[in-house]
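Peer 1: Residues per chain, in single letters:
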Amino acid sequence: MGVAEEPRTGVSAGSRTAEWWRPVLEQIKGIGPATWLSYAVLILAVLWALFPGLFTAYDAITGTPGQQLRAPSLAHFFGTDALGRDVFSRVVHGSVHSLSGAFVATAVGLVVGTALGLLSGSVGGVVDEIVMRIVDVLLSIPGLLFALSIIILLGFGTLNASIAVGAAAIAAFARLMRSEVIRVRSSDYVEAAIGSGGKLSSVLWRHVLPNSLTSVVAFSALQFGSAILQLSTLSFLGYGAPPPTPEWGLLVAEGRNYVATAWWLTAAPGLVVVIVVLAANQVSKSIRGRA
Amino acid sequence: MLSKLSRRQLLKSMCAIGALVATGVTAVPSWAQDKPTAGGTLVYLEKQAHTSLYPPGAGFYPNAGVLNQITDKLTYQNPQTLEIEPWIAESWDVNADATEYTFRLREGVTFSDGTPLDAKAVAANYDVYGLGNITLKQTVSEAINNYARSEVIDAKTVKFYFKAPSPGFLQATATPTSGLVAVSTLGLSADELGRAPNIIGSGPFVVASEKLGTEIQLTARKDYAWGPAKVKQQGRANLDGITVLTVPEDGVRIGALLSGQGDFIRQVHAYDEAQVKTAGYTVYGAQTRGTTHAVAFRPGNPLVADLKVRQALLHATNSTEIITTLFSENYPKARSPLSSVSAGFVDLSSELGFDPEAAKKLLDEAGWKPGADGIRQKDGARLSLGAYESLNYARSKETLQLLAQQWQKVGVELKLLAGEAGTRTKDDLDPLKTPLVPTKVERADPDVLKSQYYPTTRDQLRQKGGKGVATEFVDKTLNDILDKVASEPNTAKRLEYTGDAQKRLIEQAYVIPLFEEPQSFAGAPDVKDVVFEAVGRPVFYSAWLDR
Amino acid sequence: MSLSKYLLSRLGQALIVLWAAFTLSFLLLQMMPGDAVLIKYMGGDFALTPEQLANIRQIYGSDNPPLQRYLSALTSTLTGDFGYSIDAGVRVTALLADNILPTFRLAGLGFLAAVVLSFTLAFLSYFSPFSWLRRVITMLPSLFVAIPVFWLGIMLIQMFSFRLRLVPVINPGPWVGLILPIATLAVPISAPIAQILMRNIDDVMTRPFVAVARAKGASLNWVFWKHVLANALLPVLTICGMLFGELLAGAVVAETVFGLNGIGRLTEAAVATLDVAVLQAVVLLSAATFVTINLVVDLLYPLLDPRLRKNAKAV
Chain A
263 MGVAEEPRTG VSAGSRTAEW WRPVLEQIKG IGPATWLSYA VLILAVLWAL FPGLFTAYDA
323 ITGTPGQQLR APSLAHFFGT DALGRDVFSR VVHGSVHSLS GAFVATAVGL VVGTALGLLS
383 GSVGGVVDEI VMRIVDVLLS IPGLLFALSI IILLGFGTLN ASIAVGAAAI AAFARLMRSE
443 VIRVRSSDYV EAAIGSGGKL SSVLWRHVLP NSLTSVVAFS ALQFGSAILQ LSTLSFLGYG
503 APPPTPEWGL LVAEGRNYVA TAWWLTAAPG LVVVIVVLAA NQVSKSIRGR A
Chain B
41 MLSKLSRRQL LKSMCAIGAL VATGVTAVPS WAQDKPTAGG TLVYLEKQAH TSLYPPGAGF
101 YPNAGVLNQI TDKLTYQNPQ TLEIEPWIAE SWDVNADATE YTFRLREGVT FSDGTPLDAK
161 AVAANYDVYG LGNITLKQTV SEAINNYARS EVIDAKTVKF YFKAPSPGFL QATATPTSGL
221 VAVSTLGLSA DELGRAPNII GSGPFVVASE KLGTEIQLTA RKDYAWGPAK VKQQGRANLD
281 GITVLTVPED GVRIGALLSG QGDFIRQVHA YDEAQVKTAG YTVYGAQTRG TTHAVAFRPG
341 NPLVADLKVR QALLHATNST EIITTLFSEN YPKARSPLSS VSAGFVDLSS ELGFDPEAAK
401 KLLDEAGWKP GADGIRQKDG ARLSLGAYES LNYARSKETL QLLAQQWQKV GVELKLLAGE
461 AGTRTKDDLD PLKTPLVPTK VERADPDVLK SQYYPTTRDQ LRQKGGKGVA TEFVDKTLND
521 ILDKVASEPN TAKRLEYTGD AQKRLIEQAY VIPLFEEPQS FAGAPDVKDV VFEAVGRPVF
581 YSAWLDR
Chain C
118 MSLSKYLLSR LGQALIVLWA AFTLSFLLLQ MMPGDAVLIK YMGGDFALTP EQLANIRQIY
178 GSDNPPLQRY LSALTSTLTG DFGYSIDAGV RVTALLADNI LPTFRLAGLG FLAAVVLSFT
238 LAFLSYFSPF SWLRRVITML PSLFVAIPVF WLGIMLIQMF SFRLRLVPVI NPGPWVGLIL
298 PIATLAVPIS APIAQILMRN IDDVMTRPFV AVARAKGASL NWVFWKHVLA NALLPVLTIC
358 GMLFGELLAG AVVAETVFGL NGIGRLTEAA VATLDVAVLQ AVVLLSAATF VTINLVVDLL
418 YPLLDPRLRK NAKAV
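Residue numbers (the numbering used here), protein chains in the order written: chain A, 263 to 553; chain B, 41 to 587; chain C, 118 to 432.
In short, the hints are calculated from the structure, not lab data. Hints are not guaranteed to be accurate.
[To be verified] Just the calculated beta-carbon pair ranges, DEER-fashion: (1) F365(A) - G178(C): 43 to 49 angstroms; (2) Y433(B) - S245(C): 50 to 56 angstroms; (3) L431(B) - R252(C): 43 to 49 angstroms; (4) A188(B) - Q185(C): 35 to 41 angstroms; (5) L299(A) - S245(C): 21 to 27 angstroms; (6) P334(A) - M276(C): 14 to 20 angstroms.
[As the list claims (entries may be wrong)] Which residues of chain A face chain C? A partial, calculated answer using Cβ under 10 angstroms: (7) R332; (8) A333; (9) L336; (10) S402; (11) L410; (12) G419; (13) L421; (14) A433; (15) R437; (16) L484; (17) A541.
Predicted, not measured: the structure shown is a model, and the values here were computed from it. The C-beta atom is built at its ideal place from N, Cα and C for all residues, glycine as well.
Start from the sequences, fold in the hints, and give me the full structure.
Peer 2: Next comes the structure, spelled out in structure tokens:
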């Protein structure tokens, strides 16, 4: 689940105005080199996903027998795999699978979890109690077991694995959103807004949601990176996309069987995963800012 | 779920068959000239954990890895000559039509709980293996056919009766699936037999302790004095014990071996062989006999119902490329559905030629024309086939991917399916879901073909009347030949039928043989005299450590 | 609310969570394609007739209607009988007995190591002599959660066990063998804790009382341990409960990579063969652990922070 947000110390992000874009603008001004680099990495990964042909001429699916298990060289930056496929090409072509997978996973957790948290935190009372018990149950079932069960139910494939990862993150999103809502709600200006006769729903929409969003968006960026990792863990356990899909997690997981003889098969895609996830984490951190 | 051993070999024909078989273990262990030293504990790294240790389930390698060390069998099959030699039975008689077998047992043999291994115990074992005990969820052994009942003549003589000729029974008494266990063990349900210490055998080793799923400690029985009569090793085992550890990660097993943390490992992939050898370690490519690693079609699926389509795929397959890309010299090219070191093998290489042009022509003739995406189409259907990898065979996933590349060139799509055990098992029963399957069965007997393809056994073609669902396909000609293979008492005729069966499988292009798959092990240089029985399962009785 | 009343209500809630987890997992498992009996008896080399298969199903009771199976599973679970693993051929209680302690030991030590590691990092992130070093250390937690756990484990083994031959992983002594698995678990777990600590340090150090204390001659060290620690304990405690799921997922991976026995690997094997009895037991066990951890955490809050005692809402 990556880095969880601690609800009780709550990050004091978000301004007291409803102009949610202002902090974003402020943050862009204060961005450091590490964050710029992180954005560059993510943009490059997106470009790989959109225009893989610009970055590699090799076929990602069909290999060249006789060229198998070649060490990294100028011709093959990341070497070749057991079927003679260029690993760099597989990483580039795999970008679209991994990024969209992570995106779907994050979206599922974000949408469902945030809705639950918002409901729970703003309505309160019995609804809050029920939602939170559901969240407890979800948290008490090991996330990995939950994800595996969903994959078995839906069938194998990148999309289903992403949904499974997303579903396992719902509880964490819900908790975070709820704590944010409660924090914002109890703040003076929201109480003032309600006190001055504002309708609850419009107060929620205009004040609570935007002000809780910074943390949630930061957590989403974190979750995005974490989803890439979790997809690779699923591949490691044999629940990933079916080959020859060049999904990153699958590349790292399948490559590890060759670690004694052809280390690059797992090391190269592994480093790519580490760098991209690191970039996503850095972006998350910069969105949240240091309190 | 690997195989069982052979059955139905008539006593008289044993030597004949043995002589016909080319003995072939590609990397023979270095049979040391010096005298074995006693003592020491061997660390054996398994890939998978054992399941229920009910002896008829010993086809699964991890199960045999344990059962072979802790149980004895009535007879011993010499892995070189395939002859049946005395073990717990000192001698035996078989009546003319192979329906009555009498065994005279060695004296003084005891199970590790002290109870005697006498005629009564042997009868009890075979009653369960031959008939099953469904209330205890104990199934009938695949190696035993037509079993009727046992009779205890006296303390050291036991007789078995069969409902119909069972010429393979003598050989069946030598298989790892026929390990003898104490009567108390037979009384446990299959639900209790997954605990190794519950299995009381008479073998050279005893289970001292177990951590479920990861570790078994075996210790040598000091008073063991009844090994197979004709093997070099006599008396107790040389080793003091064996530690069997489950290490699922390939890289960790290899690394542990090469860094001295393990002595002997199962499942070494071809790509790691060079590294193991360079380090001075030994790779054992123990031949498994039986059938070759192949893909079999399910003609119940309309896409592969047409003989021409199957023939086209046979000729579109380049098994040489598969071997040179993914395997090593321990994996000889298949020349028939049957392995070349099996009795009755017929060389059919001339029928198995790689010829993509012929393949394309056959597909054209069958009415499959290339579509816009390069995949052939007919009446709106794409020629796209799905297959699951086999989890038990070496590099099945890579093999299928390479096959997909080769078939792509003639306009056929092969898609690798993925699913967990439940979906896989269900889909495998349905030819519409799985038009083809990677397959291979290990048995040192021609009957292996029946076991693999006959409707009421493993039924890999999914014929009507077998395990398959919604299939109308049946090949009576093939089934008749397989019946004859299994019941013909005359050896020469039986081998002839075996040849007919192989020819039928290739003529109809039911099967595309790829290579002869060994079971690969690797050992440290100081591990000596590990023996592999006829189907490649390790026996550590004679093993010793030169340290 | 009195303490005993509070405890009672929490206990009630816990039981409801346990029951719900049991029921939810039962429903989930019922929807699975195929079942353990089919997988075991039709998947391999057994050639059973449909009648024999039906017979075995009957013996296992797996052909009863779902409600009946649910009730019988619930009642036998209440009496402590978890049934048998169909695939492994062992009583579930025997499986649990062999696997609970190793997992608790691994997870417990892994968590402990993570806490030590995160405090060390947090300390160094503020007190290291060079600013570039401090920045690098601040980056480390992000890196720690960016590495696939199984990949880290395999790399650690290759490096420290097989190449450098420093620590054995196969057949080692009881504690030596835990070094690398613990490291594998601790690295990702330490990251969120370290991040909270670092944020707290920044927070505390900018407060006026620190400057006052410093002016009065207190050492930085003293300020760190006295104030930062006191402030950080609560969030760290909270995160313990949240990290539970991650510890378990980490245990699955670490146990598989290192060939250790434990609940994680047991779970993975049971999922692969749809061994319902084992999975239900694992779900109950993990739910019980989760509920207990959270209860303990909540009980510790007021002890650590007297302000919270007055605030009923906090508990």
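Peer 1: So which hints don't hold here, by number, going up?
Peer 2: Hints 7, 8, 9, 12 and 13 are the ones this structure does not satisfy, whereas the remaining hints hold.
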